[in-house]
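2 protein chains.
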Amino acid sequence: MIYSLEAGGKRIRPLLVFATIDAFGMDPKKGLSAAAAIEMIHTYSLIHDDLPSMDNDDLRRGKPTNHKVFGDAVATLAGDALLTYSFEVLGNIPNDSITAETRLKLIVEMAKAAGTEGMVGGQVADMEGEGKSLTLQELEYIHIHKTGKLLGFSVLAGALIAGANQSQIESLSAFAHHLGLAFQIQDDILDVVGNEQEIGKRVGSDTTNSKSTYPKLLSLDGAKAALREQTHRAKANLAKTGLNTTLLMEITDLVASRNH
Amino acid sequence: MIYSLEAGGKRIRPLLVFATIDAFGMDPKKGLSAAAAIEMIHTYSLIHDDLPSMDNDDLRRGKPTNHKVFGDAVATLAGDALLTYSFEVLGNIPNDSITAETRLKLIVEMAKAAGTEGMVGGQVADMEGEGKSLTLQELEYIHIHKTGKLLGFSVLAGALIAGANQSQIESLSAFAHHLGLAFQIQDDILDVVGNEQEIGKRVGSDTTNSKSTYPKLLSLDGAKAALREQTHRAKANLAKTGLNTTLLMEITDLVASRNH
Chain A
2 MIYSLEAGGK RIRPLLVFAT IDAFGMDPKK GLSAAAAIEM IHTYSLIHDD LPSMDNDDLR
62 RGKPTNHKVF GDAVATLAGD ALLTYSFEVL GNIPNDSITA ETRLKLIVEM AKAAGTEGMV
122 GGQVADMEGE GKSLTLQELE YIHIHKTGKL LGFSVLAGAL IAGANQSQIE SLSAFAHHLG
182 LAFQIQDDIL DVVGNEQEIG KRVGSDTTNS KSTYPKLLSL DGAKAALREQ THRAKANLAK
242 TGLNTTLLME ITDLVASRNH
Chain B
2 MIYSLEAGGK RIRPLLVFAT IDAFGMDPKK GLSAAAAIEM IHTYSLIHDD LPSMDNDDLR
62 RGKPTNHKVF GDAVATLAGD ALLTYSFEVL GNIPNDSITA ETRLKLIVEM AKAAGTEGMV
122 GGQVADMEGE GKSLTLQELE YIHIHKTGKL LGFSVLAGAL IAGANQSQIE SLSAFAHHLG
182 LAFQIQDDIL DVVGNEQEIG KRVGSDTTNS KSTYPKLLSL DGAKAALREQ THRAKANLAK
242 TGLNTTLLME ITDLVASRNH
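Taken in sequence, the protein lines are chains A and B.
First residue of the first sequence: 2, per my numbering; consecutive thereafter.
First residue of the second sequence: 2, per my numbering; consecutive thereafter.
Misleading hints may appear alongside valid ones.
The list treats identical chains as one, so a pair stands whether inside a single copy or across any two.
As the list claims (entries may be wrong) - Computed cross-link-like contacts, DSS-like style, restricted to lysine-lysine with a CA-CA straight-line distance of at most 27 Å: (1) K225 - K133; (2) K236 - K31; (3) K212 - K133; (4) K106 - K30; (5) K69 - K212; (6) K225 - K236; (7) K11 - K212; (8) K69 - K133; (9) K31 - K106; (10) K64 - K212; (11) K31 - K113; (12) K11 - K30; (13) K30 - K113; (14) K11 - K69; (15) K106 - K241.
It is worth saying that the hints were derived from the structure and are not from the lab.
Using the sequences and the accompanying hints, generate a full structural model.
Right, here's the structure in full:
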């Protein structure tokens with residue numbers, strides 16, 4: 002569990018929790034437990050995705066994947082335990098910090114974002130789509146679920162912790178939706194033009210696995226245009242919140258311009 | 002997910018939730034969500050335990066194991082999704098039925114029972130003990146964690162939902178501890194003397210996998226004596242509660258005398 006948690010990674014999800022709380026002028030530290038829980042969910046999903054029965058990847062974040070070091074059985078259990086512990090961490094947020102009702106809302110929304118309506122559902126759709134020629138709509142369905150829902154929950158968690166009102170939650174959710182698509186389009190672009198050493202995993206694996214990607218469906222230039230469009234929409238929704246979203250704007254630029 | 006949930010099984014854990022609530026003279030239906038959540042956790046653990054990288058079992062509850070029907074990848078994800086959904090179900094118990102604080106307590110305790118301090122921890126210890134000659138103490142450590150903690154949580158969940166006081170919780174926890182050991186001793190005995198068709202999985206697999214068992218450490222007669230001792234202690238703790246524990250007593254007899 003610790004090996005994979007400490008293997009690094011971009012920590013985009015925790016950053017989104019903190020930056021969202023910061024937008025409300027509150028102490029980002031209020032989001033520490035939620036940020037840790039979300040990063041555990043993300044890490045468990047990577048451990049299981051990398052298993053031989055799934056993507057069979059040897060390298061992740063520049064290091065041997067969990068099952069390469071500890072074997073398939075322990076990797077499966079480490080993932081299970083991280084997923085389980087993430088809910089314990091959310092349930093244990095001190096009462097004086099966040100009300101019991103808000104903690105329950107965080108737990109239910111995290112489960113939705115991570116389960117069949119979210120990440121796991123997207124992963125299944127992704128596997129079923131392998132080797133097939135997908136439409137842009139089908140590709141977006143996969144990404145919205147596989148990556149977008151947990152990114153969206155990171156923003157929602159920050160908003161719930163900060164006590165956002167309904168209209169702020171709607172604008173922030175729309176922001177997260179477009180940010181998630183931008184994130185995935187850039188991921189696909191990096192698999193074509195990226196540097197293996199900077200990314201820390203194999204590049205070109207989408208082509209090898211005959212996966213549908215944005216560059217394949219839209220051409221590389223078309224994918225870059227779609228990335229600009231999603232980035233623009235993400236920022237437009239941020240502007241609607243009336244909050245001090247400097248950090249969220251910066252994260253959006255980071256996501257769109259990252260090289261790993 | 003549905004294939005494995007509906008494959009049958011003894012439903013001992015849900016029965017424990019209901020019987021515990023019944024002991025307080027309350028409507029067992031109050032425990033439906035908790036019972037469902039616990040059975041989902043149990044089912045996910047069986048799906049993952051049966052995977053080729055773990056116990057590599059082809060038959061479970063008299064039917065082909067999940068990965069035999071759906072493949073290793075989908076079986077892994079079905080387990081992940083059941084685990085995730087179990088927390089969503091607990092978090093969604095209506096507010097008029099159980100307070101938010103109690104729901105949070107249920108979530109945290111279920112995570113502890115299922116995670117590294119509980120079921121997953123026991124599974125890792127079990128795997129590490131394979132092929133080794135274990136002491137009785139080491140064997141009990143494995144069983145208390147791998148099976149006992151979730152059985153214990155089933156009783157605790159019923160007690161929390163029914164509003165048990167601290168002394169009742171202590172007696173009921175001690176009851177569950179001994180019931181869990183009785184359950185496992187009978188499991189080991191059945192692997193020696195049981196009927197494959199009634200059990201619905203391979204018998205003799207402990208010997209094949211050179212696992213330490215109670216009959217091996219204590220002889221078959223010694224294991225039967227230990228079973229009687231644990232059953233006796235379980236019932237003695239029930240008697241201490243001052244509750245109407247008729248159903249819990251019956252479940253204890255069922256666990257000790259079951260042939261599958």
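Consistency of the hints with the structure:
1. K225 - K133: within (23 Å within a copy, 57 Å between copies)
2. K236 - K31: Classified as within: same-chain Cα gap 24 Å, cross-chain 46 Å, threshold 27 Å.
3. K212 - K133: Classified as within; 8 Å inside a copy, 45 Å across copies.
4. K106 - K30: both (19 Å within a copy, 23 Å between copies)
5. K69 - K212: Classified as both; 24 Å inside a copy, 26 Å across copies.
6. K225 - K236: within (17 Å within a copy, 69 Å between copies)
7. K11 - K212: within (24 Å within a copy, 43 Å between copies)
8. K69 - K133: between (29 Å within a copy, 24 Å between copies)
9. K31 - K106: both (16 Å within a copy, 21 Å between copies)
10. K64 - K212: within (24 Å within a copy, 34 Å between copies)
11. K31 - K113: For K31 and K113, both the intra-copy (22 Å) and inter-copy (23 Å) Cα distances are at most 27 Å.
12. K11 - K30: Within one copy only: 19 Å inside a chain, 46 Å across chains, cut-off 27 Å.
13. K30 - K113: both (24 Å within a copy, 25 Å between copies)
14. K11 - K69: Within. Shortest intra-copy distance 22 Å satisfies the 27 Å Cα cut-off; inter-copy 37 Å does not.
15. K106 - K241: Within. Shortest intra-copy distance 24 Å satisfies the 27 Å Cα cut-off; inter-copy 38 Å does not.
Comparing the model with each numbered hint stated earlier shows that all of them hold.
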